[in-house]
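There are 2 protein chains.
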Amino acid sequence: MAATINHVWRLATRPYGMIKPTDFEFLAEPLQEPDDQQILIRNVYLSLDPAIRGWLYDGKSYLPPVQIGEVVRCLGVGIVEQSRHPGLAVGDLVQGLLGWQEYAVSSGEGISILPASELPLSAHLGLFGLAGRTAYFGLLDVGQPKEGETLLVSSAAGSVGSLVGQIGKIRGLHVTGIAGSDDKCEYLVGELGFDAAVNYRNSNLRELVKAACPGGVDVYFDNVGGEILDIALTEMNNFGRVVVCGSIAKYNATAPVPGPYNFSMVTSKRLRIQGLVASDFIARDREMLEDFTRWYKQGKLKYRIDLVKGLEAAPCAVNRLFDGSNNGKLVVQVSEAPGE
Amino acid sequence: MAATINHVWRLATRPYGMIKPTDFEFLAEPLQEPDDQQILIRNVYLSLDPAIRGWLYDGKSYLPPVQIGEVVRCLGVGIVEQSRHPGLAVGDLVQGLLGWQEYAVSSGEGISILPASELPLSAHLGLFGLAGRTAYFGLLDVGQPKEGETLLVSSAAGSVGSLVGQIGKIRGLHVTGIAGSDDKCEYLVGELGFDAAVNYRNSNLRELVKAACPGGVDVYFDNVGGEILDIALTEMNNFGRVVVCGSIAKYNATAPVPGPYNFSMVTSKRLRIQGLVASDFIARDREMLEDFTRWYKQGKLKYRIDLVKGLEAAPCAVNRLFDGSNNGKLVVQVSEAPGE
Chain R
1 MAATINHVWR LATRPYGMIK PTDFEFLAEP LQEPDDQQIL IRNVYLSLDP AIRGWLYDGK
61 SYLPPVQIGE VVRCLGVGIV EQSRHPGLAV GDLVQGLLGW QEYAVSSGEG ISILPASELP
121 LSAHLGLFGL AGRTAYFGLL DVGQPKEGET LLVSSAAGSV GSLVGQIGKI RGLHVTGIAG
181 SDDKCEYLVG ELGFDAAVNY RNSNLRELVK AACPGGVDVY FDNVGGEILD IALTEMNNFG
241 RVVVCGSIAK YNATAPVPGP YNFSMVTSKR LRIQGLVASD FIARDREMLE DFTRWYKQGK
301 LKYRIDLVKG LEAAPCAVNR LFDGSNNGKL VVQVSEAPGE
Chain S
1 MAATINHVWR LATRPYGMIK PTDFEFLAEP LQEPDDQQIL IRNVYLSLDP AIRGWLYDGK
61 SYLPPVQIGE VVRCLGVGIV EQSRHPGLAV GDLVQGLLGW QEYAVSSGEG ISILPASELP
121 LSAHLGLFGL AGRTAYFGLL DVGQPKEGET LLVSSAAGSV GSLVGQIGKI RGLHVTGIAG
181 SDDKCEYLVG ELGFDAAVNY RNSNLRELVK AACPGGVDVY FDNVGGEILD IALTEMNNFG
241 RVVVCGSIAK YNATAPVPGP YNFSMVTSKR LRIQGLVASD FIARDREMLE DFTRWYKQGK
301 LKYRIDLVKG LEAAPCAVNR LFDGSNNGKL VVQVSEAPGE
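Chains as they are written, first to last, in our numbering: chain R, 1 to 340; chain S, 1 to 340.
Rather than coming from a laboratory, the hints here were simulated on the basis of the structure.
Since this is a predicted model, take the numbers as computed values, not measurements.
Be aware that one or more of the hints could be misleading.
No copy labels: a pair is met if it fits in one copy or bridges any two.
[Unchecked claim] The list that follows gives simulated cross-link-like pairs (lysine-lysine, DSS-like), each with its CA atoms no further than 30 Å apart:
1. LYS309 with LYS297
2. LYS297 with LYS210
3. LYS210 with LYS309
4. LYS60 with LYS146
5. LYS297 with LYS169
6. LYS297 with LYS20
7. LYS169 with LYS20
8. LYS210 with LYS169
9. LYS146 with LYS309
Based on the sequences and whatever the hints tell you, model everything.
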């Protein structure tokens, strides 16, 4: 029997600091029918990313903020169940900003058909999705690493960082990861082939980074900002590049957060600090897909999905991105994946 | 009669905060004779630059710090009076790190013969020197401005900033300068052809910058860091570039200075922040010299020398770089210029 109810999480109040479930309302709403030129998507997997926290702030950014009363924005993959859109057919597997809900009605704007892949559907979030695009284009296009250089990456056991480090190894870099537990550090070196990994909960982090990167750092892939960025700047070589993917240290801040105290090293070391937003590279997804699929089949690229079952769990699960307790790409499963 | 005494300023103690004359010793020393492979240079003009303050800090940078007891480092131009060096002849006009002294004995390392020019000798500091190289390569190579874009430059009435803005106009940019007095702002617009100028001593600086750059800022040439950098970041357009030439706001600091509070805009706006050290571009001086000479003769490029007479005045004069009281390139005249 076709569903008639759509469960959704709507923003009730702007979070202050860490997200609380009471910042949202969980509602059972009548399922909307698609109008002419629209589709109805059954959401299968929703991607939990640090960017979600940023989209809840009321301020100008690369996307407008989620408004009070709107469905919480997130990326996801799903299957078209009804279509009155000429370019999309029932059964198409699609991705886009599907939101924290069971079903999404869409005009098709921002929705794209998933490229064919031998990998399971969840790979489109764990490997090919936002994380993969950020890692692939961030490291290779923005970071411009040269073989033999030294790469340092923070949040290295996270969905982006773990791919950044592995791509670095494939490209012949010396790779050090920074992560939040000894278990994660062991995973980075033992499973993913990083040259070294450092637990940022150690008090002598700077000395540990220095020891792990004895020739200095040429490319720092920054997922966190804050104190770790300052340590990285201290260890950067002349003409080094800092890829600024995010500033997790700041996302839940309730007061202004200063930038790096070592900012003046930008001049003395002629550093290039450059930001990226993964969606700028969507048109080049095929390059990533081909490389990733080949590397995955060759066993050079691994990914982990940290699967959370049920839409209800989303508001609690998202905070695991910020306390470091997730293991791999954090994904909420909303409904059954086709063919799995 | 040939001189037998060399007056020199040596570093006595590392300055804390602003430079004090008592941080140095003014000494009358016996004039050294050049050894084999050495030259004796009579210093004519010494360049006072913010970089001098940085070189007095005890820390790793692109040049080693000046040590206690050493002659204070500075750029200058002079004339070879004695030579036992095969590549340099008596009468050659040269530039290099001559230091706060009347005469410099040198192995020739870091000393270069000045290119022939129809302009007065002081132009090699005010136009072609460190300031010109910083402005020319910083704006054009690092900033990569495109015709029609908007340029914002701080310390705009200073030696670097005034050239940056004029080069910007020559290259078809909309140029706004930030300076420290209404007189300077009038000079920028009335004499140098800037489109707008804003006095940073106004309390509503952000609104004034916004009004002067209604289409946002594409290239910000940063000479100061601090609060003005934060305002610039707020007004930057997506894919904007920040050329980090210096951080005057920090040079005399006695406690750690935070980086920009709006650092996270690097990601959301995909900014590129890049530092430069002018000496990296020495090999390309000819490009600058040719363009500057042509533009100067066409009346498109003006420069001002703020001339201070006498080596004794150097330690007091250098602080005028930081309180904004200099008018143009600050130069100390140590001896008579040949042919002027």
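Results for each hint:
no. : hint               : verdict
1   : LYS309 with LYS297 : within (28 Å within a copy, 73 Å between copies)
2   : LYS297 with LYS210 : neither (34 Å within a copy, 52 Å between copies)
3   : LYS210 with LYS309 : neither (41 Å within a copy, 48 Å between copies)
4   : LYS60 with LYS146  : between (35 Å within a copy, 25 Å between copies)
5   : LYS297 with LYS169 : within (16 Å within a copy, 55 Å between copies)
6   : LYS297 with LYS20  : neither (40 Å within a copy, 67 Å between copies)
7   : LYS169 with LYS20  : neither (38 Å within a copy, 52 Å between copies)
8   : LYS210 with LYS169 : within (19 Å within a copy, 45 Å between copies)
9   : LYS146 with LYS309 : neither (41 Å within a copy, 50 Å between copies)
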